[in-house]
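**Student:** With chain A held as given, fit chains B and C onto it using these hints.
Chain by chain, the residues run as shown.
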Amino acid sequence: MTATMPTTARAPRRAKTKRSNILTIAMIAAAAYFLLPLFWLVVASSKTSADLFSTFGLWFSGDFHLFENIRLTLTHDDGVFLRWLWNTLLYAVAAAGGGALLAALAGYGFAKYRFKGNRTMFMVVLGAVMVPTTALAIPTYLVFSQIGLADTPWAIILPSLVNPFGLFLMRVYAESAVPDSLLEAARIDGASELRIFFQVVLRLLAPGFATVLLFALVHTWNNYFLPLIMLNDPELYPITVGLARWQGQAAAAGGASGDLVPLVVTGSLLSIIPLVIAFLFLQRYWQSGLVSGAVKQ
Amino acid sequence: MLATPLALAACGRHTVDPPAHVTRAQIDEAMRQPTELDFWTWVPGIEKEVALFEEAYPQIKVDIVNAGQGNPHYAKLRTALRAGNGAPDVAQLEFQMIPSFAITEDLLDLRPYGAGDLAPQFVDFAWSQVTGTGGEIWAIPQDTGPMGMLYRADILDAHGIEVPATWDEFAEAAARLREADPEVYLTNFAPAQGAFFAAMLWQSGANPFGGSDGPELRIDLTSPEAERVARYWGELSEQDLIAVDPDFTDAWYQALNSGKYATWIAPAWAPTFLTSAAASTAGLWRVAPLPQWEAGQQVSSNWGGSTSAVLATTRNPIAAAVFAQFINTDRESTDTMANEQFLYPPTKAILEDPAFTGQQLDFYGGQEVNALFADISTTVAEDFQWSPVQEQVYADFTATVGTAVANKADAVAAMEEWQARIQEYAEYQGFTVRPS
Amino acid sequence: MTATTETAAPAAAAPSTRRPQRTRRNALAGYMFVLPFMIVFLAMFVVPLAYAAYFSLFREQIIGGNVFVGFENYTRAFGDEALWTGIGRVCLFFLIQVPIMLVAALAFALALDTGLTRLARTTRLAIFVPYAVPGVIATLMWGFLYGPDFGPFAQIAEAVGVGVPDFLGPDLMLGSLANIVVWEFTGYNMVILFAALRAVPAELYEAAAVDGAGQWRIAWSIKIPSLKSALVVCMIFSIIGSFQLFNEPQLMQTLAPTVIDNAYTPNLYAYNLAFIGQEYNYAAAVSFVLGLVILVGSYAFMFATNRRSRR
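Chains as they are written, first to last, in my numbering: chain A, 7 to 303; chain B, 16 to 451; chain C, 2 to 312.
Chain A with its partners taken away, still in its complex shape (with noise of 0.2 Å):
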């Protein structure tokens, strides 16, 4: 099957259709079975450390305590939040950024030349996603501690460059994408290949390429398993190892933990809202990028 154009697809043609009552208030109970848990994290960044444990869940208690709450986690430890979340902004958007880069080349490559090795080297990398890594987590250590990477942000930033599922739907998205002909046209005119890449095709490669990096933006800015592997230095924790830290020390068997555990909510919360913006502006794009990549296989 040949999918049209990603930039073209429908444009709402039902405006003269009814609106079906039932189907939208089955949607909308969907959504709010999807949103529930969401509600109680707000509800909950809203109370005390006693009301947390002593009042009901779902909604607000009399003490609204969020906006002294975010104050807390921001300020906690000398506002090492801030530093976490500066840590995530930096880990995911190299990762993401490079990433994207790196599948949108070879996926063009993949795509549109022809050369030995081509489906294996493809297929390979697809196969590489089905090992689980959990517990290969120490060999990868000792081979990232030989070469001194363990314990930098590089030992976060370089493995999250390797984004299968971005190769995988940047070498669909290319070839529906980038017609033939173009480059066909381009290289009588005496374009380099690169030049091709860069000045041409990158611009029709637009819509996928804000999405795989948009899903590999989420995948590293969720990353919990690899930093906490490899990170010692709490300067460079992402939030989500922070945040298990926090969650560890508020269920500390052993001592003054202080009271963390509203910090843990609250930062959780907090920890949300950059992705959660992040989809909301670029909706149109990541969503017509997976247009093709679905469809065409």
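Accuracy of the hints is not assured; some may be wrong.
Taking CB as the label site, the calculated pair distances span [as the list claims (entries may be wrong)]:
(1) Gly-175(B) to Asp-167(C): 29 to 39 Å
(2) Ala-214(C) to Ile-283(A): 36 to 46 Å
(3) Gly-80(C) to Leu-188(A): 53 to 63 Å
(4) Ala-310(B) to Asp-167(C): 56 to 66 Å
(5) Leu-42(A) to Glu-198(B): 25 to 35 Å
Simulated pairs of lysine to any residue, SDA-like, Cα-Cα distance not exceeding 20 Å [said to hold, decoys possible]:
(6) Lys-275(B) to Asp-167(C)
(7) Lys-363(B) to Glu-383(B)
(8) Lys-63(B) to Pro-73(B)
(9) Lys-122(A) to Ala-28(C)
(10) Lys-63(B) to Lys-122(A)
(11) Lys-76(B) to Pro-240(A)
(12) Lys-63(B) to Asp-83(A)
(13) Lys-229(C) to Pro-100(C)
(14) Lys-275(B) to Ala-294(B)
(15) Lys-275(B) to Glu-159(C)
(16) Lys-275(B) to Ala-28(C)
(17) Lys-76(B) to Gln-41(B)
(18) Lys-63(B) to Ser-348(B)
(19) Lys-122(A) to Asn-27(C)
(20) Lys-275(B) to Glu-187(B)
(21) Lys-76(B) to Asp-43(B)
(22) Lys-423(B) to Gly-170(C)
(23) Lys-275(B) to Ala-160(C)
(24) Lys-229(C) to Ile-101(C)
(25) Lys-423(B) to Arg-193(B)
(26) Lys-122(A) to Met-33(C)
For the record, the hints were derived by calculation from the structure and aren't laboratory data.
Here a beta-carbon is modelled for each residue, glycine too, at the ideal position from N, C-alpha and C.
**Tutor:** This is chains B and C only, laid out in the frame that chain A set:
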């Protein structure tokens, strides 16, 4: 060089041969050299104690790293030790983990650095916990957790129940309370809290790994002393007289706040912990000694508490050893730990200091909680020994005895299964197992 | 994913009609584009994986050091009851969770695509938002909601006077975990399916509508068949995700330690072998065995769908 997977790592790893005895002059010389020490600890606010050390030894700089707590901390420590770099000079270790790190030769014996002279400063059980089977001193005690019983005076009073002094009375009280108020349990048995169960075994006089030495592991979880603990908790659970909720979870915090549990059998660090974890119950709690197997006895045990250990890979053994000793023995440093970090002290000096024992905690109705635990500290049995594979022992506890108690199944039979599992694992790891 | 490479062939075949010199230049350029990705892939993925494979051929004991044991760890894994119980459990999990998730995702995508719902953009985003929530936080939230005494479900059940379902008990745990995964990934799958639907040419529907076909009929006869390849992609990712299940059970273990044991899922088992039991070599072998199972499962699935479509 052998072509083993760890050959790479092995060359980075160098173990210091401790000199027979380091002289005063050598120590002074080393402490004048500009040195950087890495210290892994999860004690919040320990910067103060470290600053005191840096003040005393201006040439030494200490980097504090909080690499996690409990199992994540140990996993990271092991990984760094295997990699041959990235491991700290000094690390916080809980008492039960000392043999597990000593067996892999990752700890530095502190005797050559004068640690032996410190013994009289510490309560006896704490010192015997850091002493190896060959007399090595593997670490310096930082804090302890002698066991007592925190109870809700209001709940017991309301039902006219006396504070139980023996386990028999405790079981009777559990039944009476359950009858009087079906919403309340006398206590909670956390099925994944191996450390609590170990403390119960310890108090009962069981010493399941006692006599283990190096590659020889002795396991005895079926002794009468061990069995009576399993039977006791198993029967309470079978009759639904105790709750069996996992601890340190949201539900557990809520239960503490709502009064679902009338007691928490817990160590000396628990009173401070409860102050923030169950803030809504301020003033309602009191503390009593641990119930006894025999009326009139006073025997306690320990749950938790930590030490400072020097890792064998350190390049600065003298500075590291002096640091571990300083923060845990210097008077100002230990004072700060006890009164600002709220770590329960192992040093006699603090335990006998009225400024510490005389503190009246409002949360406990003005009771002198520290004084009570100071007394308990001296009643902790000394000879309890941990296994060299303690993480596995705890994991297997949860899978066998913990689960049996939670499911109201046969806890005594589960003890045999626990023992069998440890034995199978230990043999796989190359130990010679001697059940007895 | 074999399907991909098959359709790729014609695209790549086109330039072959040109002069050989051109082809060589073309091949060189191809390598140039692919190289950066492959270098990073090799260094960050293949090297550690190869090292881990090598590592899995040894056995290091706490007492007795490190010895080469060949495939002993693999023979142990193939006879390891705990591992295969775990694999059986994730199979069951897959059978419960994936159909629910994909049917829900499909239903939402179709409902949104009809254009018959109000607030479509808002509901679409609401369903998708959980994907942006880290698994760690998702499990934290659901763990609270499942709470046996104080969770809101328990409180509501008590207020209504019905028995409180034990979400964290042995009977419901797999379902509770499935619910978390459904919550996290339905939106993600919905967005993929929805995007695929938008790419189906509108004329197809309009023609059907003119012929008097209702929405149900259009959905069943035109839309769903056109989603086949997108559904295959969703399935493959679901197979990988289910068999590698780790975060959710690991975090739920603190809430239900007697229900979720250390070998509850194969990945959790491998993790605990390495980090609790210090059986690093065996843990690596277990990971590779699990990888093999996933590979076989994915290929079996693709083989089955390909055969059916050829019939």
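**Student:** A separate judgement is required for each hint: does it hold in the structure or not?
**Tutor:** Results of checking the hints against the structure:
| no. | hint | in the structure |
| --- | --- | --- |
| 1 | Gly-175(B) to Asp-167(C): 29 to 39 Å | holds (33 Å) |
| 2 | Ala-214(C) to Ile-283(A): 36 to 46 Å | holds (41 Å) |
| 3 | Gly-80(C) to Leu-188(A): 53 to 63 Å | holds (58 Å) |
| 4 | Ala-310(B) to Asp-167(C): 56 to 66 Å | violated (39 Å) |
| 5 | Leu-42(A) to Glu-198(B): 25 to 35 Å | holds (28 Å) |
| 6 | Lys-275(B) to Asp-167(C) | holds (18 Å) |
| 7 | Lys-363(B) to Glu-383(B) | holds (17 Å) |
| 8 | Lys-63(B) to Pro-73(B) | holds (15 Å) |
| 9 | Lys-122(A) to Ala-28(C) | holds (8 Å) |
| 10 | Lys-63(B) to Lys-122(A) | violated (64 Å) |
| 11 | Lys-76(B) to Pro-240(A) | holds (18 Å) |
| 12 | Lys-63(B) to Asp-83(A) | holds (14 Å) |
| 13 | Lys-229(C) to Pro-100(C) | holds (15 Å) |
| 14 | Lys-275(B) to Ala-294(B) | holds (15 Å) |
| 15 | Lys-275(B) to Glu-159(C) | holds (16 Å) |
| 16 | Lys-275(B) to Ala-28(C) | violated (72 Å) |
| 17 | Lys-76(B) to Gln-41(B) | holds (19 Å) |
| 18 | Lys-63(B) to Ser-348(B) | holds (8 Å) |
| 19 | Lys-122(A) to Asn-27(C) | holds (11 Å) |
| 20 | Lys-275(B) to Glu-187(B) | holds (18 Å) |
| 21 | Lys-76(B) to Asp-43(B) | holds (16 Å) |
| 22 | Lys-423(B) to Gly-170(C) | holds (14 Å) |
| 23 | Lys-275(B) to Ala-160(C) | holds (19 Å) |
| 24 | Lys-229(C) to Ile-101(C) | holds (17 Å) |
| 25 | Lys-423(B) to Arg-193(B) | holds (17 Å) |
| 26 | Lys-122(A) to Met-33(C) | holds (13 Å) |
Comparing the model with each earlier hint shows violations of hints 4, 10 and 16; every other hint is respected.
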